[in-house]
Amino acid sequence: AQKVTQAQTEISVVEKEDVTLDCVYETRDTTYYLFWYKQPPSGELVFLIRRNSFDEQNEISGRYSWNFQKSTSSFNFTITASQVVDSAVYFCALSGGPYGQNFVFGPGTRLSVLP
Amino acid sequence: GAVVSQHPSWVICKSGTSVKIECRSLDFQATTMFWYRQFPKQSLMLMATSNEGSKATYEQGVEKDKFLINHASLTLSTLTVTSAHPEDSSFYICSARELTGLTYEQYFGPGTRLTVT
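Sequences listed follow chains R and U, in order.
Following my numbering, the numbering of the first sequence begins with -9 at its first residue and continues without gaps.
Following my numbering, the numbering of the second sequence begins with 2 at its first residue and continues without gaps.
These are computed hints drawn from the structure, not numbers from a lab.
Just so you know, these numbers come straight off a predicted model, no measurement behind them.
Here a beta-carbon is modelled for each residue, glycine too, at the ideal position from N, C-alpha and C.
Mixed in with the good hints there might be a few duds.
The following label-pair restraints were derived from C-beta to C-beta distances [as the list claims (entries may be wrong)]:
no.	chain 1	residue 1	chain 2	residue 2	range
1	R	G33	U	E60	17 to 23 Å
2	U	N52	R	S32	38 to 44 Å
3	R	A71	U	K65	44 to 50 Å
4	U	F40	R	Q(-2)	15 to 21 Å
Interface residues of chain U toward chain R, partial, derived using beta-carbon atoms under 10 Å [as the list claims (entries may be wrong)]:
no.	residue
5	L47
6	Y105
7	F109
8	P111
9	G112
10	R114
With the sequences and hints as input, model every part of the structure.
This is how it looks when you write it as structure tokens:
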């Protein structure tokens, strides 16, 4: 069975602070994908990143960066110099197999960035 | 990127009535579509998976007679909540998958907020 754990239920930071959202996953698939989505108050999911299980390179996109470590089954997400607009619920997700069977979301982390 | 639309974006209905939610892939053909339900302050839970032209596969605990899914074409799937009750009030999100060679892309709709009074 596949499982995604996001241990941090809620995080509050002050603007300009850096914040890391943790994600730990479990899967028996050798091929899988990991995702991060942002869900602002409007409810619409915003796709942030997809990472293939064979690609452990870290990625940086503007203020966002991701650290994928297969050895610890973690795919953590860091926001640098956070802004109020970053306030949202962030979901880590996992899909197993080459065609993404069993797409599973983590419980989400609610991030509040205070001015 | 590809777009998935949902209609309506929000709906209020009376208890006992049925409501239909449409999910469309606007610029690609979706071999598989998914329906998720999200209660307040909770994560998205998969309700069912549907492939065009075949019956939907429902997750454990989801009543297939209550949540009717029709995937009539490669661009349209509908979810009908029959005899809705207040406990069915939720945010329903569809997702459409496009196979691209040896991999896939998955896109999410904007969601439909259902309130049953």
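For this session: Would you pick out the hints that fail for this structure and give their numbers low to high?
Result: The structure conflicts with hint 2 only, although it agrees with all the remaining ones.
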